[in-house]
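> Chain by chain, the residues:
There are 2 protein chains.
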Amino acid sequence: MNDDLISAQKAEILLIEQKAEQFVVSEKMFPKGGTVIVGVSGGADSTALLHFLKNHAEKWNLSLIAAHVNHGLRGESADHDEAFVKECCQKWAIPCRVLHEDVAALSKKRKEGLEACGRYVRYTFFKALAKENGAVAIATAHTASDQAETVLMHLCRGAGAKGLSGISPVHEGIVRPLLCLTRKEIEVYCNGYHLSYCEDETNWDLDFSRNKIRRQVIPVLKTLNPKVETAVSGAAFRLREDDNCLFEMAKSALEQAAHGLGWETSSLMKQPRPVRLRALFLAAKKNGAGELSADHLLNLDLLLLQGGKITLTLGLHAEVQQGILFFGDPKKQRFAIPLSFPETILPDGRRLLVRKISQKELKNDSKFHNLFFFNLLNYATISKNTVVRTQLEGDRFRPAGRGISKPLRRMMNEAHIPPYLRENSILLEREGEILWAEGLGASESARPGVDRQNAMIIIKENGL
Amino acid sequence: MNDDLISAQKAEILLIEQKAEQFVVSEKMFPKGGTVIVGVSGGADSTALLHFLKNHAEKWNLSLIAAHVNHGLRGESADHDEAFVKECCQKWAIPCRVLHEDVAALSKKRKEGLEACGRYVRYTFFKALAKENGAVAIATAHTASDQAETVLMHLCRGAGAKGLSGISPVHEGIVRPLLCLTRKEIEVYCNGYHLSYCEDETNWDLDFSRNKIRRQVIPVLKTLNPKVETAVSGAAFRLREDDNCLFEMAKSALEQAAHGLGWETSSLMKQPRPVRLRALFLAAKKNGAGELSADHLLNLDLLLLQGGKITLTLGLHAEVQQGILFFGDPKKQRFAIPLSFPETILPDGRRLLVRKISQKELKNDSKFHNLFFFNLLNYATISKNTVVRTQLEGDRFRPAGRGISKPLRRMMNEAHIPPYLRENSILLEREGEILWAEGLGASESARPGVDRQNAMIIIKENGL
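Residue numbers (the working numbering), protein chains in the order written: chain A, 52 to 515; chain B, 52 to 515.
Same shape as in the complex, but just chain A:
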């Protein structure tokens, strides 16, 4: 063999390793070391990953646990992969944990595709192992080639910056040390270190879209740019940074606009649209909307300008009233539950505290006057059989000291309680009578006084 050839190959492998090392360091994958769960299928990518981490374990203070899932999908071939992974781990003195799961059966039960179900099984297993072993990270063997495929798949679906930024190098405890290397580079690495690996047949079967991209699109793009995978990964990296930056700004914008359970539209509208749309995305998500589509976000944006109400998803609407954007689900928010002492957790996430209050406190502590006025009532009236509930059509209320009885809705109007607060507001009812209403205070019959034992109602928001 030619000596130059050998050293050229060595130099190439060295460069590949350095690239991955720098990537791990710059992405702060293992800042303090610790136990790492390494997902290993036995294919070239994950075998290279395990070998790479083993070689760096001492330097980075890592202790590794390999995790292999036998999906039971490919009979003998799957068993061969499992044996291969076990053997590899034994050779390298790395503990190996294996899960057997009948993914075909489970996917039918879960009513999802084999690929999605397989992913669910793997990550559930990895996360359980991570918890069990107090791991600092789960490492998976995604490559720049996977990244390029993912970006193209998302582009094809019309994603924005978020989707186009593809697979995260570091996200929620999962790290991808090889995301900077192409599949080709990993093959060079494996060959250089004489690593054997299994042909990962599943790659060629299960994910229809990904395989089309891999087998029919990438090869054409490679004729235009042989380094297309690295190029697309680079684009994804830059888009991720852009997107994160704009999301950070959106978070600040949301904090600035916060107003009770809602957000001031005038404040949101001052933001440039990319920031505003992300703020709306986050606001909707906080209210349980899941990941909204671009169209939904544009509709929400229009709502800021025009006011009114739109339905986002089943049971969730967005509404602008009196310059405040808020989200609501009338069905979900209607509830009636027994009052418990000293704390009742409300279905909307708030906590209602009931505290007995002494006559001394009541007399002396004038600084809480306003809070006292609206939140104080006769303890004896609420001590049993009391229900906490949201308003109902036809509720009537007889406020303390006014000698009248009116529909609750009208009283709230007169008290200028904004509609978006009314929807969440609660009341205490006992034997058909409203004893206290949020924002209005005690009723005539639950009227507090210096001559009796009183209770103080305190409502704590859930931080929304």
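Please note that a few of the clues may not be correct.
No copy is singled out in the list; a pair is fine if it fits within one copy or between any two copies.
[Said to hold, decoys possible] Straight-line alpha carbon distances no greater than 25 angstroms define the calculated DSS-like cross-link-like pairs of lysine-lysine that follow:
id, residue 1, residue 2
1, 273, 263
2, 321, 79
3, 302, 321
4, 411, 235
5, 407, 142
6, 70, 160
7, 273, 235
8, 235, 360
Hints are computed from structural coordinates only; laboratory data are not their basis.
Note that this is a predicted model, so its numbers are computed, not measured.
Based on the hints, put chain B in the right spot on chain A.
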């Protein structure tokens, strides 16, 4: 023919037209109307564009001029296209201007590809026509299909948000009203209106990369998402907004960091990286760097942190000294030109003004003391044969009133003039003697005084 079919087709065409109308309005393509130059090849896209604009000319207060370029590349076929466009314009009463250009010959002369040369010829022609007719816009027939191809080409090359945002709907006087429609939708439009058009053969010949994307990549992606062109266009639109937003922030960041001809690194480093990299891009561009690559920008970013000097392009380096980033080209900035009165335009873009100053002004106006001190000299010494030049190795200077002569470089050191200002600093020389140096003032022999006529030197920056 079935009536339902007809009305379904009508509804489809109406929707297509509405989409383009809304796009033109929301992108503010013709806010005040006026003359529009419409590039027409005779193909489906540009024929549809001309027809669409003709139908909206009254509503949007447009007067149209069609512009056709016969590239002389396809013999009879090209002549047929030209005849077709002329006929079309005659039928629709639209003035038509035709340019004949031997693009094959010109491309050899300009040493560029046929496609690039053809583009150069077309846009030069359109712009000349626009100028000649006081046009408000040039309209071209780019479609969502072109957009998807462009985005994929840029992605393949590893572009960031800027490249991935593809073709601009509105940019530097060029508007693309059909950028929201796919080629398929335009065919439906043409068929619906019974428009005939030429097969645009050039599309299938010249641009190698684009045609690979069009013929080999898009068809595969369409099997994953039949609306892939619209999806990719949507992604491009959102990325454009993100990118513009971040560039606006970068502009502000640059303004905040401005310090003389350079920028404070401490101020730039406070910015999030996506903003900072764009600020560096703009700063380098202002200094004539052209469009820097992602790698160049990362190097520039590292320079902020580490200090030192890097070469960006031939004859342009970036340097950090004393916490200031600046760009320079030592070769370009060395000059020696005759001083002219009252103004000399310097090769670096600054303007040097010489103004006689009365004894009265000199005596009374103490508020300009500092300016006077450094920028005042004896008018008689500079009135003829004076040269304005940058420093040379070995320059010596004898400052007024100090009775010494020193190397200019050392004097500047002692005066704490930062190196990045020195490089641009100028001096006045007459018959081998330095009479005045920027930042140091007059020499002994050009020393100003109340007993003689003095001149004031004022230097105006070029706004960099």
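> Are the hints correct? Go through all of them and say.
Right, here's what the structure says about each hint:
1. In this homomeric assembly, residue 273 and residue 263 come within 25 angstroms of each other (Cα to Cα) both inside a single copy, at 15 angstroms, and across copies, at 11 angstroms.
2. Taking the shortest Cα distances, residue 321 and residue 79 sit within 25 angstroms of each other only across copies (21 angstroms), while inside one copy they are farther apart (35 angstroms).
3. Taking the closest pair of Cα atoms, residue 302 and residue 321 come within 25 angstroms of each other both inside a single copy (14 angstroms) and across two copies (18 angstroms).
4. Taking the shortest alpha-carbon separations for residue 411 and residue 235, neither the intra-copy value of 79 angstroms nor the inter-copy value of 81 angstroms comes in at or below 25 angstroms.
5. When the C-alpha separation of residue 407 and residue 142 is checked against a cutoff of 25 angstroms, the pair qualifies neither within a copy, at 68 angstroms, nor between copies, at 90 angstroms.
6. In this assembly of identical chains, the alpha carbons of residue 70 and residue 160 never lie at most 25 angstroms apart, being 43 angstroms within a copy and 44 angstroms across copies at closest.
7. In this assembly of identical chains, the alpha carbons of residue 273 and residue 235 lie at most 25 angstroms apart only when taken from the same copy (12 angstroms versus 27 angstroms across copies).
8. In the homo-oligomer, the alpha carbons of residue 235 and residue 360 never lie at most 25 angstroms apart, since the shortest distance is 53 angstroms inside one protomer and 36 angstroms across protomers.
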